[in-house]
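Chemist: Sequence:
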Amino acid sequence: MRRDSEGGRGPELPVVVLFGPRGSGKTAALGDIAERCGDRVPHAHADLERVVKPPRAIITELAFSLSRKFEGQPRIRFRQLWLCLLVKGAQLNQENREKALAQVRDSLAADAEFSPRTHNTVNGVVDTIAQAGVLPWWSPLVASTLLRGGEAVRWRRRLRRASGLRDATPQRSPNLQDVLVDIGIADSGLMDEVFCAAFLADLREAYRGRGAGRRKANCVALLDNVDSAGGAQLLDLLLHIRQRHRQDPDPLVVVGTSRQWQSRWGRQDSARTPEQAGLDDWTQHREADRGPDSWWYPVELRDLTPSEVVEAGRFGGSTAPYVHALTRGHPWGMRQIAAALGEQAPGPAMRAFLEHRAADEVPFAERAREYLLQDFDPVQREVLVGLSAAPNLELATRAEVRLGRADDAGVLHEIRKRLWSVLDGENRLALHPWLRRLLLHELAARPDDHEERWVVLHDRHRQHHRENGNSPLALYHALALGDLAAVVGHLQRQFEQIATESAVAPWLARLELITAAPNRLRTDREPREQVEELARVVAPAEADLARLVAAKWLMSDPLGDPGRTLRGIARSEFEQLARQARAGFVVFFGESEKYA
Numbered sequence: 001m002r003r004d005s006e007g008g009r010g011p012e013l014p015v016v017v018l019f020g021p022r023g024s025g026k027t028a029a030l031g032d033i034a035e036r037c038g039d040r041v042p043h044a045h046a047d048l049e050r051v052v053k054p055p056r057a058i059i060t061e062l063a064f065s066l067s068r069k070f071e072g073q074p075r076i077r078f079r080q081l082w083l084c085l086l087v088k089g090a091q092l093n094q095e096n097r098e099k100a101l102a103q104v105r106d107s108l109a110a111d112a113e114f115s116p117r118t119h120n121t122v123n124g125v126v127d128t129i130a131q132a133g134v135l136p137w138w139s140p141l142v143a144s145t146l147l148r149g150g151e152a153v154r155w156r157r158r159l160r161r162a163s164g165l166r167d168a169t170p171q172r173s174p175n176l177q178d179v180l181v182d183i184g185i186a187d188s189g190l191m192d193e194v195f196c197a198a199f200l201a202d203l204r205e206a207y208r209g210r211g212a213g214r215r216k217a218n219c220v221a222l223l224d225n226v227d228s229a230g231g232a233q234l235l236d237l238l239l240h241i242r243q244r245h246r247q248d249p250d251p252l253v254v255v256g257t258s259r260q261w262q263s264r265w266g267r268q269d270s271a272r273t274p275e276q277a278g279l280d281d282w283t284q285h286r287e288a289d290r291g292p293d294s295w296w297y298p299v300e301l302r303d304l305t306p307s308e309v310v311e312a313g314r315f316g317g318s319t320a321p322y323v324h325a326l327t328r329g330h331p332w333g334m335r336q337i338a339a340a341l342g343e344q345a346p347g348p349a350m351r352a353f354l355e356h357r358a359a360d361e362v363p364f365a366e367r368a369r370e371y372l373l374q375d376f377d378p379v380q381r382e383v384l385v386g387l388s389a390a391p392n393l394e395l396a397t398r399a400e401v402r403l404g405r406a407d408d409a410g411v412l413h414e415i416r417k418r419l420w421s422v423l424d425g426e427n428r429l430a431l432h433p434w435l436r437r438l439l440l441h442e443l444a445a446r447p448d449d450h451e452e453r454w455v456v457l458h459d460r461h462r463q464h465h466r467e468n469g470n471s472p473l474a475l476y477h478a479l480a481l482g483d484l485a486a487v488v489g490h491l492q493r494q495f496e497q498i499a500t501e502s503a504v505a506p507w508l509a510r511l512e513l514i515t516a517a518p519n520r521l522r523t524d525r526e527p528r529e530q531v532e533e534l535a536r537v538v539a540p541a542e543a544d545l546a547r548l549v550a551a552k553w554l555m556s557d558p559l560g561d562p563g564r565t566l567r568g569i570a571r572s573e574f575e576q577l578a579r580q581a582r583a584g585f586v587v588f589f590g591e592s593e594k595y596a
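In the working numbering, the protein residues as written are 1 to 596.
What the hints contain is simulated information worked out from the structure, not anything from laboratory work. Careful: at least some of the hints might be erroneous.
Cβ-Cβ distance ranges computed for the label pairs, FRET-style [unchecked claim]:
(1) Ala340 <-> Thr500: 46 to 54 Å
(2) Ala340 <-> Arg50: 25 to 33 Å
(3) Ala409 <-> Val586: 44 to 52 Å
DSSO-like cross-link-like pairs, simulated, lysine-lysine; straight-line CA separation at most 30 Å [to be verified]:
(4) Lys594 <-> Lys417
(5) Lys417 <-> Lys53
(6) Lys53 <-> Lys69
Where is the CB? At the ideal position from N, CA and C, for every residue including glycine.
Assemble the whole structure, with the sequences as input and the hints as a guide.
Modeler: Quick look at the structure:
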């Protein structure tokens, strides 16, 4: 944000877009930037989703905030933008241009009085800003006398120069008073464009006029939810105007947030992380031949790493891995769990965490789903729950499994657009693990008469993979259905066929895939007791492998063994497999050491 320039001309500045799914910390990031700006860097904030506003209204609000007094810097006077606002408030005659010109001349006279409509426009804007907690540098009293005295002289001199606003309009007039008439009777689109152009022109004027040497930092506009209709329209205008004035860059850093990816930003795989982002990086990777779209600089707000979860959530060393495994480091999920857990250490009671009820008596999982799925309608949410049964979206949306549902394609598009898809270990698109966890919880709770309940969906997947000869995936869904005996029988036969050390790795990979299956096991049992109970359904000769499968199944679920009490069972059973193996016993012993 520091401004290092020569001759009053600053560098070209990007429009930074912090993007990520709902709850990824975008609004918090804007708050952090605002805090860093403090009272020294001119900055303004607007949430473009809460109220639908035309670009000219958003621009006016930004100008009011930027015109506050910031420490060590001259105040920014938005004279051209203010002139637009006054002309907009005047009731110009739209049928007689001569009369409209006379009205403009009268409004610009030193002793001019505002019309009632002008007063209403100005006062309405003042009230809106005041309610938002941002007080402009002027008041209605100041506004009512703005065109008197020395200020009027300066504006009349500007009119005689016929500069400023005339350059802001798409069709230039030799007479600025004609331009003002055009503004006063313009349609909404032209009005928006003129306001945006005047705003940027005022900023450029402030940074090259008297006092420019005291301005050490560019202005910053913080725009939450730029993927809204009003946000997209505003930034389109700003970037087209910037492109027209590339020879005279404006001193405005725009930082926006978005819950959607926009194709105009370029390739999604070229987006930067916060660690990579910077003006030099944008300049180096910018594709200048893309015209107005070359100004975009998308920065992805990724999930938190395990170490960042420790720091951000202030969790103890044993709690952080549990929280990270449950949420994949999703910032909102992490914060909500931190608030609910408090100082509690992970233990068996956490198995029922998704049912935790706060003061509002709403289960945690339900509150989380309501927040995260706001952008999906009820029909789409029903489809999402059904898609959660499969490990990735390619498998989830196969026609043979979904029985040709017409709405799947639209939901899949929304998942990707809303940034809720990730790449799994096989580089396939999958639902974000935290969202999938919450959807699976809802799937498990569907009533027995629901046409797409847990048993129906997993059985459909199992049958599909059986018919296509994919035994591991068929057994993945068999385990989700609680058929531990089928899984153990298959793995036992495969184990007995291991004849070389190289055959161990595929067997271990198969074990890993199958035991990653979701479960809807009871959460009021001790994990060790549950493992023993599950293993009893298998013949004694396969009991060791059954305990390993059951332990791995529970451990693959962060809610299955929050206290990590099953590691000893896994280690012991891998050691037992090493003793029984015809080949590769060293590999099995090595696997057991992972659970030390």
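Chemist: Confirm or reject each hint.
Modeler: Here is what the structure says about each hint:
1. Ala340 <-> Thr500: 46 to 54 Å: 50 Å, holds
2. Ala340 <-> Arg50: 25 to 33 Å: About 27 Å separates the Cβ atoms of Ala340 and Arg50, which means 25 to 33 Å holds.
3. Ala409 <-> Val586: 44 to 52 Å: Given range 44 to 52 Å: holds, Cβ gap about 49 Å.
4. Lys594 <-> Lys417: Roughly 38 Å separates the two Cα atoms, so the pair is violated.
5. Lys417 <-> Lys53: 24 Å, holds
6. Lys53 <-> Lys69: 26 Å, holds
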